[in-house]
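Protein chains in written order, with my numbering: chain A, 1 to 361; chain B, 1 to 361.
Don't read these hints as lab results, they were simulated from the structure.
Among the hints, a few may not be true.
Copies of the same chain are indistinguishable here, so a pair counts whether it falls within one copy or spans any two.
[Stated by the list, open to error] Straight-line distance between alpha carbons at most 25 angstroms, and here's what the computed SDA-like set of lysine to any residue pairs gives:
| # | residue 1 | residue 2 |
| --- | --- | --- |
| 1 | 293 | 339 |
| 2 | 74 | 164 |
| 3 | 54 | 292 |
| 4 | 293 | 123 |
| 5 | 17 | 167 |
Note that the structure is a prediction, hence the values are computed from the model and not measured.
Protein chains: 2
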Amino acid sequence: MDKELLSSATAVRDAVKEELTLYLAQQRDYLTSIASELTPVCDALEDYLLEGGKRLRPLFAYAGFMAAGSVPSKTEIRAMASLELLQACALIHDDLMDGSDTRRGKPAIHRHFENLHRQGSMAGLAEQFGEAAAVLLGDLALVWSDHMLHNSGLSHDALTAALRIHDEMRIELMAGQYLDVREAGEREHSVERSLRIARYKSGKYTIERPLHLGAVMARPSASEHSELLNVLSAYGLPLGEAFQLRDDLLGIFGDPQTTGKPAGDDLREGKRTVLMAMTLEKAQGAAREELVKNLGNPALSSEKIESLRTLITETGAVADVEKLIDRLGEESRAAANSSAIHPDARPFLLALAETAIRRSH
Amino acid sequence: MDKELLSSATAVRDAVKEELTLYLAQQRDYLTSIASELTPVCDALEDYLLEGGKRLRPLFAYAGFMAAGSVPSKTEIRAMASLELLQACALIHDDLMDGSDTRRGKPAIHRHFENLHRQGSMAGLAEQFGEAAAVLLGDLALVWSDHMLHNSGLSHDALTAALRIHDEMRIELMAGQYLDVREAGEREHSVERSLRIARYKSGKYTIERPLHLGAVMARPSASEHSELLNVLSAYGLPLGEAFQLRDDLLGIFGDPQTTGKPAGDDLREGKRTVLMAMTLEKAQGAAREELVKNLGNPALSSEKIESLRTLITETGAVADVEKLIDRLGEESRAAANSSAIHPDARPFLLALAETAIRRSH
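Using the sequences and the hints given, assemble the complete structure.
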């Protein structure tokens with residue numbers, strides 16, 4: 001990203017954070033007026049939402065709005081910022097389901113509340129309390145995302161158009177999450193099924209739908225936006241898949257310092273990624289046996305992780321995934337240059353694509 | 001309930017079921033077009049939503065609409081039926097958090113998916129799969145409730161007014177649920193705190209807010225409905241507390257045949273109910289020690305449950321709770337007779353109050 005665009009993405013992130021800060025302060029006032037016991041809920045969600053995150057979904061919504069030829073106002077940025085609350089729900093519930101201990105280098109929400117239970121010498125089981133809190137904080141974040149969107153100040157037409165996309169997006173997200181959880185129960189890896197999950201969890205939820213959401217806020221009338229939405233899909237879906245493939249690589253080869261997750265986390269978890277499915281399609285003999293034997297063992301040593309990484313790279317799957325990312329990036333860039341996209345939005349879309357594909361966390 | 005009113009409540013329940021049946025069939029078509037692996041998700045939610053439930057929240061929304069002097073159309077019943085999906089989310093997540101094995105005499109959702117995992121000889125841990133599925137099915141039901149409400153066909157004004165109440169209701173629900181979970185971690189029972197939880201979980205979520213939701217659908221303008229909402233609160237909040245107190249009694253003394261929950265379930269779970277807090281305030285000496293020692297022991301025998309029931313009754317707490325229910329019922333009935341309530345709605349409100357307070361399940 002060049003300097004000017006970088007500062008523009010940074011400016012969007014800052015504006016999103018400002019809206020979230022305001023919203024969360026209002027909700028804190030309200031919840032603590034019900035009961036002071038709700039303070040840890042507010043603290044935890046504030047910390048989660050204000051202390052980090054790439055703000056990808058609001059950024060893509062912003063890009064979708066620009067693609068329609070307009071610049072979002074504070075009202076629209078508020079509506080886009082609500083996507084961060086939806087994403088908080090997805091991550092809190094994801095970490096709970098996976099039993100992940102950390103998120104962005106800090107304890108996951110269920111672990112955080114488990115710790116609060118122990119520190120407060122509360123009655124009952126700390127682990128059960130942590131899990132229940134994570135269920136409810138995720139639910140609350142989901143409800144808040146909706147509430148923030150409803151109260152963003154969008155015009156009736158823009159809100160109606162936005163809600164239609166927003167509902168589809170959330171149904172697709174839950175469907176993708178279920179397929180992902182279910183995939184872990186399959187005896188065999190499958191490139192095809194893993195690509196479909198990537199399409200729903202990342203292609204649609206992270207990129208295509210946020211773009212659409214922004215676009216329909218700018219042009220609520222269906223007759224005006226249909227071609228634009230198609231082009232945004234042509235830009236967003238391959239980019240989303242590329243984004244997920246980069247995630248697959250980071251889940252195995254990423255630096256814990258930048259990812260905030262333990263090294264080789266996906267190996268310990270035995271995650272059914274496209275990268276692993278491609279690896280197992282290619283691996284043979286002793287290498288294949290060694291991989292199958294060790295994937296999903298939560299106690300893998302760092303030496304073992306290093307040797308599994310080498311095996312994976314030697315199959316050629318890493319190079320293939322990098323090639324696939326390049327091809328998908330190419331497709332995505334071609335769509336960004338379509339005439340249906342307002343020229344002012346192009347540099348922003350191209351820069352976002354670059355960030356999504358080349359990132360280190 | 002007299003015969004005519006009973007048939008009217010039954011007619012509302014039937015209409016609600018019809019709308020849910022249509023909605024779920026549409027969503028099944030959509031989800032299974034994404035992937036056939038989503039079929040068990042559709043099956044489980046259909047079974048959950050169509051095979052039982054008292055439809056209390058749609059019934060109170062219906063009553064709120066009638067209180068404003070109108071009769072709901074199919075469109076409005078569709079909007080009210082969406083509350084059943086929200087309630088499905090609450091119950092699925094509740095059973096998961098409590099580790100309850102059954103709901104309405106059938107396996108709870110997390111147990112059902114745990115069973116599917118075992119029957120399908122899937123890879124990984126059956127219990128973890130069951131829990132993850134329950135998190136996601138609850139999330140999906142929450143998103144669907146919203147989607148069904150948004151697409152019910154309400155006018156812009158009615159929808160805007162409904163969403164405002166609906167958002168508040170869901171935030172109150174999550175706050176009440178958190179306080180309930182947190183209460184289990186307190187070392188001492190408290191009548192005051194348990195009453196506050198009853199107010200948020202039942203008074204507001206089950207009764208007051210559904211009434212308001214119905215009323216504002218009929219009269220979207222704030223200037224027209226403010227007195228009506230106050231009177232509905234005066235009817236709904238005491239009724240909600242009485243409803244929860246009846247639940248407390250059923251949780252300890254209820255017949256498993258009608259409740260669909262194991263006998264004395266709240267004793268085994270050590271649930272922090274108003275009834276138990278009042279019992280422990282009154283119990284002394286050996287009886288108190290015996291209660292404190294046994295509450296929350298999941299392995300209580302049926303003989304032990306019988307003897308604990310006797311101890312609880314002997315403190316006088318059961319009689320006190322019955323008296324409190326009567327007093328709250330009185331308050332509620334007085335409000336139902338207020339002139340702000342349309343006369344046609346009164347018999348329905350009075351009959352609903354009777355059902356909520358005198359029920360056996």
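Open item on the list: Flag every earlier hint the structure violates by its number, smallest first.
Closed with: 1 and 3
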